[in-house]
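Below are the chains, spelled out letter by letter.
2 protein chains.
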Amino acid sequence: MIKKYIMTPGPTPISEEVLMEHAKPLMHHRSPEFSKVFMEVTEKLKKLFKTKNDIFILTSSGTGAMEAGVTNFFSRGDKVLVASIGNFGERFKKISSMFGLEVISLDYEWGDAANPEDIKKALDDEPDIKGVMVQFSETSTGAINDIKAIGNIVKSYPAIFIVDAISGLVASDLRTDEWGLDIVIGGSQKGLSAPTGVAFISVSEKAWKFNEKSDIPCFYFDLAAAKDYSQKTPPQTPWTPGISIVVALNKALDMLFEESLEKVFGRHRVLALATQKAVEKLGLKLFVKDENKRGFSVTSVMIPDGVNAKELTRIMRVKYGVTIAGGQGKVAGKIIRIGNLGYFGIFDTIIAVAALEIALNELGYKFEFGAGTAEAEKIFIKNNYLND
Amino acid sequence: MIKKYIMTPGPTPISEEVLMEHAKPLMHHRSPEFSKVFMEVTEKLKKLFKTKNDIFILTSSGTGAMEAGVTNFFSRGDKVLVASIGNFGERFKKISSMFGLEVISLDYEWGDAANPEDIKKALDDEPDIKGVMVQFSETSTGAINDIKAIGNIVKSYPAIFIVDAISGLVASDLRTDEWGLDIVIGGSQKGLSAPTGVAFISVSEKAWKFNEKSDIPCFYFDLAAAKDYSQKTPPQTPWTPGISIVVALNKALDMLFEESLEKVFGRHRVLALATQKAVEKLGLKLFVKDENKRGFSVTSVMIPDGVNAKELTRIMRVKYGVTIAGGQGKVAGKIIRIGNLGYFGIFDTIIAVAALEIALNELGYKFEFGAGTAEAEKIFIKNNYLND
Numbered sequence: 004m005i006k007k008y009i010m011t012p013g014p015t016p017i018s019e020e021v022l023m024e025h026a027k028p029l030m031h032h033r034s035p036e037f038s039k040v041f042m043e044v045t046e047k048l049k050k051l052f053k054t055k056n057d058i059f060i061l062t063s064s065g066t067g068a069m070e071a072g073v074t075n076f077f078s079r080g081d082k083v084l085v086a087s088i089g090n091f092g093e094r095f096k097k098i099s100s101m102f103g104l105e106v107i108s109l110d111y112e113w114g115d116a117a118n119p120e121d122i123k124k125a126l127d128d129e130p131d132i133k134g135v136m137v138q139f140s141e142t143s144t145g146a147i148n149d150i151k152a153i154g155n156i157v158k159s160y161p162a163i164f165i166v167d168a169i170s171g172l173v174a175s176d177l178r179t180d181e182w183g184l185d186i187v188i189g190g191s192q193k194g195l196s197a198p199t200g201v202a203f204i205s206v207s208e209k210a211w212k213f214n215e216k217s218d219i220p221c222f223y224f225d226l227a228a229a230k231d232y233s234q235k236t237p238p239q240t241p242w243t244p245g246i247s248i249v250v251a252l253n254k255a256l257d258m259l260f261e262e263s264l265e266k267v268f269g270r271h272r273v274l275a276l277a278t279q280k281a282v283e284k285l286g287l288k289l290f291v292k293d294e295n296k297r298g299f300s301v302t303s304v305m306i307p308d309g310v311n312a313k314e315l316t317r318i319m320r321v322k323y324g325v326t327i328a329g330g331q332g333k334v335a336g337k338i339i340r341i342g343n344l345g346y347f348g349i350f351d352t353i354i355a356v357a358a359l360e361i362a363l364n365e366l367g368y369k370f371e372f373g374a375g376t377a378e379a380e381k382i383f384i385k386n387n388y389l390n391d
Numbered sequence: 004m005i006k007k008y009i010m011t012p013g014p015t016p017i018s019e020e021v022l023m024e025h026a027k028p029l030m031h032h033r034s035p036e037f038s039k040v041f042m043e044v045t046e047k048l049k050k051l052f053k054t055k056n057d058i059f060i061l062t063s064s065g066t067g068a069m070e071a072g073v074t075n076f077f078s079r080g081d082k083v084l085v086a087s088i089g090n091f092g093e094r095f096k097k098i099s100s101m102f103g104l105e106v107i108s109l110d111y112e113w114g115d116a117a118n119p120e121d122i123k124k125a126l127d128d129e130p131d132i133k134g135v136m137v138q139f140s141e142t143s144t145g146a147i148n149d150i151k152a153i154g155n156i157v158k159s160y161p162a163i164f165i166v167d168a169i170s171g172l173v174a175s176d177l178r179t180d181e182w183g184l185d186i187v188i189g190g191s192q193k194g195l196s197a198p199t200g201v202a203f204i205s206v207s208e209k210a211w212k213f214n215e216k217s218d219i220p221c222f223y224f225d226l227a228a229a230k231d232y233s234q235k236t237p238p239q240t241p242w243t244p245g246i247s248i249v250v251a252l253n254k255a256l257d258m259l260f261e262e263s264l265e266k267v268f269g270r271h272r273v274l275a276l277a278t279q280k281a282v283e284k285l286g287l288k289l290f291v292k293d294e295n296k297r298g299f300s301v302t303s304v305m306i307p308d309g310v311n312a313k314e315l316t317r318i319m320r321v322k323y324g325v326t327i328a329g330g331q332g333k334v335a336g337k338i339i340r341i342g343n344l345g346y347f348g349i350f351d352t353i354i355a356v357a358a359l360e361i362a363l364n365e366l367g368y369k370f371e372f373g374a375g376t377a378e379a380e381k382i383f384i385k386n387n388y389l390n391d
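These protein sequence lines are chains S and W, in that order. Count the first sequence with our numbering and you get residues 4 to 391, in order. Count the second sequence with our numbering and you get residues 4 to 391, in order.
What the hints contain is simulated information worked out from the structure, not anything from laboratory work. Bear in mind that the values here come from a model prediction, so they are computed numbers and not experimental data. A couple of the hints might just be wrong.
Identical copies look the same in the list; a pair holds intra-copy or inter-copy alike.
Below, computed lysine-lysine pairings styled on DSS-like, alpha-carbon distance capped at 27 Å [said to hold, decoys possible]:
hint	residue 1	residue 2
1	Lys-322	Lys-27
2	Lys-337	Lys-235
3	Lys-254	Lys-7
4	Lys-39	Lys-7
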């Protein structure tokens with residue numbers, strides 16, 4: 004028997020309570036019973052997003068919602084600015100190019116974050132930029148962008164601001180309305196700790212005006228259709244949704260608010276901090292060098308010379324049941340990524356660090372055995388974070 | 004306590020065994036464990052589709068897969084023929100027009116099926132037609148198209164043949180390769196009796212040649228990307244899939260093959276026949292007049308004067324826990340639809356008919372009380388179908 008632990012930046016661990024909701028027989032998606040759940044989830048998402056904007060639930064991965072964020076608001080030939088700090092910034096560029104947008108890109112070293120001043124300069128230089136696309140937490144590196152600062156800049160330009168908050172949401176505070184975020188994208192399988200397969204997208208009034216002028220064809224991801232169906236009696240989705248996922252989400256959202264968002268953000272911060280400090284104690288280097296640019300969803304760790312990253316994650320998974328993630332894109336084989344998103348407590352972090360120590364030791368890497376877990380425990384005590 | 008019964012043409016009842024698989028903690032979608040499930044499901048779907056063609060699993064409703072069937076294989080301005088016999092035929096037209104195709108439509112009365120000879124004539128008249136789109140079972144009416152005959156015609160023309168088999172699959176035999184079906188679309192939530200949120204699409208060699216020339220942008224539904232990822236080691240999906248749905252599907256497919264496809268088709272046929280004959284005994288008229296055009300997924304019943312369809316389905320659902328469907332599009336309020344798809348046995352049909360009798364009686368409709376259930380039982384005996 005090998006107990007299994009999923010410690011990736013998505014999918015994330017799911018509580019037994021949520022899995023049991025997920026396993027319930029399905030309601031019909033056009034029934035008043037489902038509409039009630041659908042409205043509840045929508046309202047709770049608004050509370051999580053801190054917005055009065057419309058929010059739509061899409062049955063797709065987060066990438067589908069990123070596509071919806073591009074195809075619903077622009078026209079072919081429109082100029083958009085993508086500040087790319089990793090793999091998902093690159094994905095925004097690919098989607099935008101695919102649908103005929105002209106992409107201006109601000110590329111940062113992977114592990115770095117976007118400089119809001121660069122975005123301001125780009126908007127000043129090219130006043131016809133119609134949209135600015137940025138990740139909140141960049142899942143591929145663990146870096147976090149200063150969305151508040153960027154939002155504050157973009158809101159005084161004609162462009163709309165599109166934020167991929169898929170892995171950042173729930174781990175860190177995000178204030179859609181206060182920060183002026185026109186489009187915010189989230190997913191079910193990250194901090195929300197529900198099963199994969201559903202994504203969300205919020206749309207501001209400013210963005211709806213862009214939607215009216217958009218000439219890019221879309222059908223499955225047509226948000227005007229989603230709005231139309233959400234205003235029916237009872238409210239519903241245009242196409243059959245992932246019913247059991249939405250039902251699971253309802254429970255997952257309740258659990259977040261029971262804990263309180265402030266505590267949820269605090270928990271993610273301390274778990275990430277403990278992971279960061281623990282791996283440093285093992286003599287490893289963090290991929291995000293500037294500690295102010297480290298997000299609290301996932302910790303990226305550089306793999307030292309002489310250790311094979313693939314072999315390391317394989318040993319952790321196969322021999323010890325602990326699944327963490329490797330690097331994506333150009334840092335594949337160079338980093339490992341340890342998530343602490345969602346249904347994740349202090350002892351999960353201890354497990355992640357212990358499994359890492361055991362596997363590193365097997366691969367001949369020299370370090371003070373046990374120093375990582377000891378450091379994690381110290382961080383919990385120091386931050387007065389013992390689940391009280 | 005009101006026991007709940009879902010008897011719509013989707014979502015359909017799900018077995019406890021499948022729900023329990025669905026409730027398992029999630030595997031990571033890039034892990035060898037999930038790849039194994041993903042490959043198993045793909046192979047089992049090929050067995051169900053009776054094909055050697057590629058099959059891809061998409062995380063979306065069936066409509067998403069219909070969109071994929073349009074955007075991956077044509078170019079703007081291409082001429083396509085849609086034979087429309089109901090709401091989902093209309094949807095093929097809308098999707099095709101949205102993405103810039105020129106739609107030639109063959110419209111039939113709702114409740115009727117397409118005449119293969121009309122399709123032959125259209126292909127002869129317009130030799131530059133690039134694709135023919137047809138439903139297998141038209142979910143909105145319960146009629147079934149003769150896909151074998153149409154396939155036999157289309158295969159000698161340059162056009163590809165696209166079949167929406169979402170509600171027809173599992174209820175009736177479909178032979179993708181033998182009948183020359185280039186694109187076949189299915190969904191998780193119909194005959195397969197798994198949760199909503201995943202769709203499938205098969206692609207023939209002939210269709211791949213069209214894919215190479217297609218100029219319609221697509222990203223989330225890009226099937227060439229899906230093919231690319233399916234050929235990685237281990238095989239995977241380009242974007243995060245609905246993991247718990249795919250896991251549930253694996254079990255649902257096992258249950259189909261344990262029963263044997265022949266018996267599964269026989270079961271759906273007898274259940275549909277019993278429903279048809281039972282409602283006729285109540286003096287009601289079937290919406291599909293020609294019995295050779297009636298499918299075995301869903302039975303559409305015309306609502307007699309003096310009975311309010313919406314009130315009828317409301318009473319059945321609210322007072323007796325039995326959810327059936329009303330009419331869609333232009334037959335809303337005029338018909339009701341009783342599904343018998345998936346995890347559905349003879350006593351489910353008895354329940355559907357009994358609930359219908361009780362609700363009709365409450366609404367003052369005059370008929371021989373109990374005649375429907377008696378007739379259903381007789382059909383089971385007559386067809387030697389008592390689960391032996």
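Checklist entry - Of the hints stated earlier, which fail here? => result Checked against the structure, no hint fails, so every one of them is satisfied.
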